[in-house]
Amino acid sequence: MAKIVLGMASSHSTMAHAPAALWEAHVCGFDMNQTDLVGRDGRIYDYYSLLKVADPALSEKAAREHFPERHRRLQSAIDTLAKTYAAVAPDIAVIIGEDQHEVFQDDNIPALLVYWGDEIINIPRRTPTTVSPLLQESLKSAAWAYGTEERVYPVASDLGLHLIRCLVDDEFDVSQARRITRPCGVGHAFAYVYHRIMSGKVVPHVPIMLNTYYPPNQLTPKRSYKIGQTVRRAIESWPFDLRVAVIASGGLSHFVVNEELDNQVLRAMQQNDADAICAIPREHMNSGSSEIMNWITAAGALDGLQMKLVDYVPCYRSPAGTGVGMGFATWN
Numbered sequence: 067m068a069k070i071v072l073g074m075a076s077s078h079s080t081m082a083h084a085p086a087a088l089w090e091a092h093v094c095g096f097d098m099n100q101t102d103l104v105g106r107d108g109r110i111y112d113y114y115s116l117l118k119v120a121d122p123a124l125s126e127k128a129a130r131e132h133f134p135e136r137h138r139r140l141q142s143a144i145d146t147l148a149k150t151y152a153a154v155a156p157d158i159a160v161i162i163g164e165d166q167h168e169v170f171q172d173d174n175i176p177a178l179l180v181y182w183g184d185e186i187i188n189i190p191r192r193t194p195t196t197v198s199p200l201l202q203e204s205l206k207s208a209a210w211a212y213g214t215e216e217r218v219y220p221v222a223s224d225l226g227l228h229l230i231r232c233l234v235d236d237e238f239d240v241s242q243a244r245r246i247t248r249p250c251g252v253g254h255a256f257a258y259v260y261h262r263i264m265s266g267k268v269v270p271h272v273p274i275m276l277n278t279y280y281p282p283n284q285l286t287p288k289r290s291y292k293i294g295q296t297v298r299r300a301i302e303s304w305p306f307d308l309r310v311a312v313i314a315s316g317g318l319s320h321f322v323v324n325e326e327l328d329n330q331v332l333r334a335m336q337q338n339d340a341d342a343i344c345a346i347p348r349e350h351m352n353s354g355s356s357e358i359m360n361w362i363t364a365a366g367a368l369d370g371l372q373m374k375l376v377d378y379v380p381c382y383r384s385p386a387g388t389g390v391g392m393g394f395a396t397w398n
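Sequential numbering from 67 applies to the sequence shown in my numbering.
Any given hint could be a false lead.
No farther apart than 30 Å at their CA atoms in a straight line, the calculated lysine-lysine pairs in the DSS-like style are these [stated by the list, open to error]:
1. Lys-69 with Lys-288
2. Lys-288 with Lys-374
3. Lys-69 with Lys-267
4. Lys-127 with Lys-374
5. Lys-206 with Lys-149
6. Lys-69 with Lys-292
7. Lys-149 with Lys-69
8. Lys-149 with Lys-267
9. Lys-374 with Lys-267
10. Lys-149 with Lys-374
11. Lys-267 with Lys-206
12. Lys-292 with Lys-374
13. Lys-206 with Lys-127
14. Lys-69 with Lys-374
Cβ pair distances, simulated, as ranges [unchecked claim]:
15. Arg-109 with Ser-223: 38 to 46 Å
16. Leu-227 with Val-154: 18 to 26 Å
17. Ser-198 with Asp-224: 45 to 53 Å
These are calculated hints, taken from the structure and not from any lab test. Idealized CB from N, CA, C, for every residue including glycine.
Please put together the full structure from these sequences, using the hints given.
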């Protein structure tokens, strides 16, 4: 039977790949234009309304002098994940990530999809031309982390089919796909894993795509955890002697850093507290913070294994508290 030998979860923000000197470009080119920032109270703000209610202490936390050290910690944490992955050298991986209008558009956004084609295409990211020149520079400088040339990677299609059947048996309404049409290629959540965790040496894998971002059919924490539990049972019932890694890509809180929420999530996972994980307030599972659902799904699959926190870096970039709470963890 197949066996889970490694679990991982990792943030995948462009801030981890662009130079720290360009982080401020995300404030002027993105944050200040937003009208749907999710505050620490779960309410929706525009940037300037959020700034009015922000803790004055955030001005110091967002000072530019902290950016280089935070950037260094991000690189160290990602390097640790990559080295751990290489040392374990799993035969197969299951990668859990969200889709942000990359593969799916408003004509069809599945809540849960398992990809089981024989291969999957990774196409370099396009830098949007509608953002400021400085933000374009930051996004271009971060593009290397998601692949700079078109590549095709192997998919564990037999395991993908087995996962679909097990999810159906457990009464999940699961979508399935065997190909992704151009020009998009697979989403950045998966491309990040290929290039920064697997270092381009991509093993046969199964991409599981969740809708965490877009109402009204977003998954809930409880639903995500149960999906993960089914994924684990499916892997362990797969009749092949193969070693499997389960990897979650995305999170934690953003585009407003919410350390209280992030610590609540990490503490519950470290304690293997399924009830606490499933009880995370849904009002906080919106916008970028919804990517925590990828972690929760992985935690369901890795239930019973001990999570080790590699690092948690609250990367504030403005006095309004915008930025990304970046987390990195392993289960062995």
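Evaluated hints:
no. : hint                             : verdict
1   : Lys-69 with Lys-288              : holds (24 Å)
2   : Lys-288 with Lys-374             : holds (22 Å)
3   : Lys-69 with Lys-267              : holds (21 Å)
4   : Lys-127 with Lys-374             : holds (26 Å)
5   : Lys-206 with Lys-149             : holds (26 Å)
6   : Lys-69 with Lys-292              : holds (19 Å)
7   : Lys-149 with Lys-69              : holds (20 Å)
8   : Lys-149 with Lys-267             : holds (13 Å)
9   : Lys-374 with Lys-267             : holds (24 Å)
10  : Lys-149 with Lys-374             : holds (15 Å)
11  : Lys-267 with Lys-206             : holds (23 Å)
12  : Lys-292 with Lys-374             : holds (22 Å)
13  : Lys-206 with Lys-127             : holds (26 Å)
14  : Lys-69 with Lys-374              : holds (19 Å)
15  : Arg-109 with Ser-223: 38 to 46 Å : holds (44 Å)
16  : Leu-227 with Val-154: 18 to 26 Å : holds (25 Å)
17  : Ser-198 with Asp-224: 45 to 53 Å : holds (46 Å)
In summary, this structure violates none of the numbered hints.
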